[in-house]
Amino acid sequence: MSIDATGAVRVLEVSVVTPEASVLETPAQFVALPLFDGELGIAPGHAPMIGRLGYGEMRVTEGDRVRKFFVEGGFVQVTGNNVSVLTNRAIPAEQIELDKAEELLAAALSRPARGEDELAIRDRNVAQARAQRRIAFARG
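Be aware that the sequence shown starts at 1, since it is given in our numbering, and climbs by one per residue.
Be careful, since some hints might not be right.
[Said to hold, decoys possible] Using C-beta positions, here's what the derived DEER-type ranges look like:
hint, residue 1, residue 2, range
1, PHE36, ASP117, 13 to 23 Å
2, PRO112, VAL17, 14 to 24 Å
3, GLU118, PRO27, 38 to 48 Å
4, GLU118, GLU13, 14 to 24 Å
5, ASP37, GLU116, 27 to 37 Å
6, LYS100, ARG122, 38 to 48 Å
7, PRO27, ARG114, 28 to 38 Å
8, ASP64, LEU35, 19 to 29 Å
9, ARG65, ARG10, 12 to 22 Å
10, ARG10, ALA107, 39 to 49 Å
11, ILE121, ALA47, 15 to 25 Å
12, GLY45, GLU103, 24 to 34 Å
Please keep in mind that the hints were generated in silico from the structure rather than gathered at the bench. Treat the numbers as computed from the prediction; the structure is a model and nothing was measured. Idealized CB from N, CA, C, for every residue including glycine.
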């Protein structure tokens with residue numbers, strides 16, 4: 001928990017938006033996000049930044065609770081203690097089924113790829129399916 005000089009608890013204001021809906025608006029103590037080149041952790045007082053999201057697990061710590069989501073690309077912006085996540089999809093971990101994620105992975109791996117464009121699409125689909133599978137597997 002982050003506490004400022006006056007002893008007040010500092011929190012982040014987290015907003016997660018997809019093209020379809022606002023998925024999450026909540027205060028949080030910490031956010032972990034998958035960037036395209038690694039994981040980013042954000043706590044109150046983080047430096048301002050804009051980052052490009054990858055595919056994987058986003059974790060939002062709200063007090064004693066950690067909420068997990070699969071996010072699929074997009075951007076994150078940190079300004080002050082505001083964290084804005086704009087993503088193609090944000091699926092709560094509890095809605096990801098392991099058998100469905102396994103099916104997606106098998107389909108992506110079996111898809112033939114001819115040429116660089118098709119290979120890039122297949123690689124993206126494989127990465128997304130693997131990320132969903134990891135989240136579903138970790139959930140139990």
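Supplied distance hint 19 to 29 Å, evaluated on CB atoms of ASP64 and LEU35: Holds, at about 26 Å.
Beta-carbon spacing of GLU118 to GLU13 - inside the hinted bounds 14 to 24 Å or not: Once the Cβ atoms are compared, 41 Å apart, the range 14 to 24 Å for GLU13 and GLU118 is violated.
Verdict for ASP37, GLU116 (Cβ pair) under range 27 to 37 Å: At 20 Å between Cβs, range violated.
Outcome for the supplied range 24 to 34 Å, where the beta carbon pair is GLY45 and GLU103: For GLU103 against GLY45, whose Cβ atoms are near 42 Å apart, the range 24 to 34 Å is violated.
Outcome for the supplied range 39 to 49 Å, where the beta carbon pair is ARG10 and ALA107: 44 Å, holds
Whether the CB-CB distance between ILE121 and ALA47 falls inside 15 to 25 Å: At 35 Å between Cβs, range violated.
CB-CB spacing for PRO27 and GLU118 relative to the 38 to 48 Å hint: 44 Å, holds
Assessment of proposed distance window 13 to 23 Å (beta carbons of PHE36, ASP117): Holds, at about 19 Å.
Hint check for VAL17 and PRO112 - Cβ pair distance inside 14 to 24 Å: 35 Å, violated
Cβ distance range 28 to 38 Å for PRO27 and ARG114, holds or violated: 49 Å, violated
Outcome for the supplied range 12 to 22 Å, where the beta carbon pair is ARG65 and ARG10: Hint holds: Cβ distance 18 Å, inside 12 to 22 Å.
Pairwise beta carbon distance, LYS100 to ARG122, judged against the given window 38 to 48 Å: Violated, since LYS100 and ARG122 (Cβ atoms, about 19 Å apart) do not stay within the stated range.
Of the numbered hints listed earlier, those contradicted by the structure are 2, 4, 5, 6, 7, 11 and 12.
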